[in-house]
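Asker: Start from the sequences and build out the full structure, keeping to the hints where you can.
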Amino acid sequence: MKKISFFYLIVALIISACASQKNASTSLSLATVNENDVEVSVHLESNADGEYFISATFTPPDGYHMYSKDIPITGVDGLGRPTLLELTSESNMKPLGRLIESVSAEVPNFEPKELLVYPPGAVTLRLPVELPSGNDWVDDFVKITFMACSDRGCKAPVTGKLVPVHIPGVDLFAGE
Amino acid sequence: MNKKVLIVLLPVVLLACNFLFPQQEPPAQQAVPTIRYGEANNPETLQEAESNGFTIVRIHPGDIDVQVMLATEAQKAISTGLIPVVEFDATWCPPCQAIDEAIESRNKLMMDAYQGTYIIKLDVDEWGWGVGDFKVEAIPIYFKVDADGKQTGEVIDGGAWGDNIPENMAPPMDKFFHGG
Numbered sequence: 001m002k003k004i005s006f007f008y009l010i011v012a013l014i015i016s017a018c019a020s021q022k023n024a025s026t027s028l029s030l031a032t033v034n035e036n037d038v039e040v041s042v043h044l045e046s047n048a049d050g051e052y053f054i055s056a057t058f059t060p061p062d063g064y065h066m067y068s069k070d071i072p073i074t075g076v077d078g079l080g081r082p083t084l085l086e087l088t089s090e091s092n093m094k095p096l097g098r099l100i101e102s103v104s105a106e107v108p109n110f111e112p113k114e115l116l117v118y119p120p121g122a123v124t125l126r127l128p129v130e131l132p133s134g135n136d137w138v139d140d141f142v143k144i145t146f147m148a149c150s151d152r153g154c155k156a157p158v159t160g161k162l163v164p165v166h167i168p169g170v171d172l173f174a175g176e
Numbered sequence: 001m002n003k004k005v006l007i008v009l010l011p012v013v014l015l016a017c018n019f020l021f022p023q024q025e026p027p028a029q030q031a032v033p034t035i036r037y038g039e040a041n042n043p044e045t046l047q048e049a050e051s052n053g054f055t056i057v058r059i060h061p062g063d064i065d066v067q068v069m070l071a072t073e074a075q076k077a078i079s080t081g082l083i084p085v086v087e088f089d090a091t092w093c094p095p096c097q098a099i100d101e102a103i104e105s106r107n108k109l110m111m112d113a114y115q116g117t118y119i120i121k122l123d124v125d126e127w128g129w130g131v132g133d134f135k136v137e138a139i140p141i142y143f144k145v146d147a148d149g150k151q152t153g154e155v156i157d158g159g160a161w162g163d164n165i166p167e168n169m170a171p172p173m174d175k176f177f178h179g180g
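As given, the protein sequences belong to chains V and B, one line each in that order.
Quick note on numbering: the working numbering labels position 28 of the first sequence as 28, and the sequence is numbered without any gaps.
Quick note on numbering: the working numbering labels position 15 of the second sequence as 15, and the sequence is numbered without any gaps.
Please note: incorrect hints may appear among the correct ones.
Using 30 angstroms as the maximum straight-line C-alpha spacing, the simulated DSBU-like pairs for lysine-lysine come out as follows [claimed, not checked]:
1. V/LYS161 - V/LYS94
2. B/LYS135 - V/LYS161
3. B/LYS76 - B/LYS144
4. B/LYS76 - V/LYS143
5. B/LYS76 - V/LYS113
6. B/LYS135 - B/LYS175
7. V/LYS143 - V/LYS94
8. V/LYS69 - V/LYS113
9. B/LYS175 - B/LYS144
The hints are simulated quantities; they were obtained by calculation from the structure and are not laboratory data.
All values reported here derive from a predicted model rather than from experimental measurement.
Answerer: Take a look at the structure:
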């Protein structure tokens with residue numbers, strides 16, 4: 001009897017592990033670009049709640065920081081540039097909310113104080129999206145904006161760079 | 001004394017007072033230098049050595065080869081006893097603007113550090129990140145140049161001072177410009 005109980009316990013554990021695996025968040029690499037020494041990797045992610053996100057991780061060189069997503073597109077008094085991940089107006093995806101940042105921006109220790117910066121290192125932005133319907137792959141673009149600075153100086157800003165991505169339809173991605 | 005005499009005397013006394021105790025002219029305000037970005041002049045003189053003890057000019061791309069422009073400016077510097085230095089900057093670069101603001105506001109530390117220099121500014125948005133034999137990876141960056149406008153090999157960038165405040169920037173700049 002004990003042996004049978006133990007067998008059922010093991011089977012239950014395996015089934016539950018498989019089920020949680022199916023519901024776990026998944027990530028699909030869509031593109032990686034390197035511009036002005038900042039590497040940007042774009043992913044399509046889903047979470048356990050079945051929500052989809054386009055994400056971009058901006059990795060500047062050592063000691064460099066990025067600027068907050070919330071500063072103006074032309075900077076604060078012309079200084080700095082925001083870190084942004086956007087869909088194009090013709091995109092097959094639809095934004096379902098605002099950008100979510102992986103780390104909070106901070107008030108800098110220099111003027112102007114409104115020029116919020118992320119701590120040195122990588123920052124990931126996630127945009128909740130609705131994927132195109134269907135079971136096919138779709139060609140699309142995402143738009144990225146960023147600028148990296150450090151105590152040593154600044155790299156050139158990149159504004160509205162279009163990154164080509166290949167997007168799976170929602171049924172295809174959900175089935176993976 | 002009757003009133004008529006008083007009326008006649010009063011303007012005379014006031015006039016005399018004006019001559020005897022002339023009102024001091026308010027001290028002429030030192031002109032606050034302004035850093036302008038434009039293309040009317042090439043080179044554009046931003047700061048004059050006469051009033052500051054240093055000169056800042058900005059050169060813009062034109063028909064003349066950049067190396068000729070740099071050599072011309074370097075020779076002007078040397079002929080007036082100033083140290084020629086090439087600086088790369090941009091309007092969107094916070095550290096670059098912090099330096100400009102410190103100079104514009106006549107911060108004493110920065111004014112002292114810049115003494116005897118002839119700064120030739122190039123905006124990377126106009127010139128790009130590789131001009132002649134200058135390879136620029138981040139801005140601001142300063143290169144000492146010789147009479148031909150060529151690099152001497154002495155370079156300083158923001159890594160030398162950390163946070164962009166005059167107290168941090170001026171000492172390493174002073175040392176870079178003047179040695180010691």
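Asker: State for each hint whether it applies.
Answerer: Outcome of the hint check:
no., hint, verdict
1, V/LYS161 - V/LYS94, "19 angstroms, holds"
2, B/LYS135 - V/LYS161, "24 angstroms, holds"
3, B/LYS76 - B/LYS144, "14 angstroms, holds"
4, B/LYS76 - V/LYS143, "46 angstroms, violated"
5, B/LYS76 - V/LYS113, "39 angstroms, violated"
6, B/LYS135 - B/LYS175, "23 angstroms, holds"
7, V/LYS143 - V/LYS94, "14 angstroms, holds"
8, V/LYS69 - V/LYS113, "15 angstroms, holds"
9, B/LYS175 - B/LYS144, "13 angstroms, holds"
Checked against the numbered hints above, the structure breaks hints 4 and 5 and satisfies the rest.
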